Amino acid sequence: MAHERCGAVQSRARSAQQRDGEALRSCRARRTRYRRGRDTGRIPPTRAIGDRRIRSSSHRRLRQRSQHTRRPAHGGPVVSSVASPESDLQAIFERRIRPVVFAHGPSAADPELILATGQFGVGPARAFGGLVDGREIAALGASDLRAFHPRYLELSRSRSAEASLILTESTSGWMRSALQYARTTRRSLLLDGTGSSSDVALATAGLFAKSGFTTTVAVVTAPKSESLLATVSGYLIDARAGRASPFTTVAEHDASLESVRALVQTLEAAPSVDRLKIIGRDGTTRFDAARTDASGFEGALATLERQNATPLPAPQAMRWLSELRATTDFALSSRQVAHPLAEVLIELHELGLREVLPNLALPKDSQARPLAEANLGRQLVALRQATPTDQRPERQPAPAISGPEIDRGISL
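Position 301 (the sequence shown) corresponds to 449 in my numbering; numbering is contiguous.
No lab work stands behind these hints: they were computed from the structure. Given the structure is predicted, the values throughout are model-derived calculations rather than measurements. Be careful, since some hints might not be right.
[Said to hold, decoys possible] The calculated DSBU-like cross-link candidates involving lysine-lysine, where the alpha carbons are at most 35 Å apart (straight line), are:
{"hint": "1", "residue 1": "Lys372", "residue 2": "Lys512"}
{"hint": "2", "residue 1": "Lys425", "residue 2": "Lys358"}
{"hint": "3", "residue 1": "Lys425", "residue 2": "Lys372"}
Sequences are here, hints too, so could you generate the full structure?
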């Protein structure tokens with residue numbers, strides 16, 4: 149009888165691990181399909197944004213907990229005031245996370261750490277397939293770990309700071325456990341380090357190098373206009389679905405961009421990892437060098453800056469303008485646009501006028517450019533009018549706009 153009960157418990161544990169693995173693979177597959185669809189233009193931005201009204205479900209309150217609950221003074225949703233004990237978090241890691249993330253065994257050859265990084269919005273996960281190249285290697289990212297929290301659905305639908313803090317603290321603890329487990333058991337690891345400072349990235353690589361790992365830094369880069377639009381578009385898509393997600397301000401995005409530049413500059417001057425790669429917006433490797441090469445990492449920074457300054461090809465530029473228009477329409481549907489969101493959208497419109505449109509290859513007699521300029525100008529005015537008076541961002545000079553009026557679209 150005891151043997152049968154033990155077998156039943158083991159069977160349920162295996163079933164839970166399989167469900168967790170299937171859920172994580174499904175989540176990654178949906179994210180990859182969306183990113184590929186947006187990159188190739190298969191997902192119309194207007195469809196990605198959806199209707200123009202953030203549904204009331206985005207403001208759904210947390211369910212009342214039977215114990216250890218308190219209501220914030222501002223009348224927000226009820227969130228448990230007691231975070232999961234550290235022992236409980238470690239148990240979740242051992243029981244649910246470790247078997248899924250580290251499904252493969254220890255590396256037969258020398259273990260490898262691949263640190264994929266980039267500014268917010270570039271989506272280093274797009275390059276994971278090419279970096280792994282069929283090898284048995286665990287892929288780890290903080291966004292994947294959030295889904296393992298036992299109250300993830302409840303917390304992800306809350307807009308309270310406390311709910312976000314609970315998820316962040318839990319994810320940080322699981323990330324530390326995963327990194328320690330990978331090092332001590334010599335599991336090769338592909339780590340998503342999006343937004344990490346150069347100091348953190350170098351320290352992480354150094355720690356794994358001391359444990360006998362081969363270390364590679366893979367920088368995924370894209371022009372600021374593209375990555376900044378990706379952050380705000382993803383945020384509003386989550387808002388429409390009733391999910392709370394981190395919002396990236398212009399300052400935070402620019403800081404992450406500068407951190408990537410500082411990392412590449414530091415590695416070029418003093419190589420401290422075994423290999424450095426720079427991957428462009430289209431997934432193509434633009435720079436690949438080993439520390440043992442005669443020239444080291446010379447030319448890496450110039451490659452990075454060249455990729456960041458490369459104009460969007462005409463089809464991608466058209467889709468960028470279309471997605472910006474749809475994103476702005478959705479934000480304006482609430483009639484008032486919060487200052488941080490307005491600041492990002494205004495910055496994007498100015499980037500469109502300053503960088504995207506001037507570099508758009510169009511026939512000499514095409515009316516697309518003046519029409520697009522007029523449309524961007526009107527949306528700029530609408531954004532400034534929709535921003536609360538006491539929160540309006542400082543006006544920035546923009547190119548003069550002229551041309552016929554249009555309601556929507558760009559016609560070649």
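Numbers of the earlier hints that this structure fails to satisfy, in rising order | none
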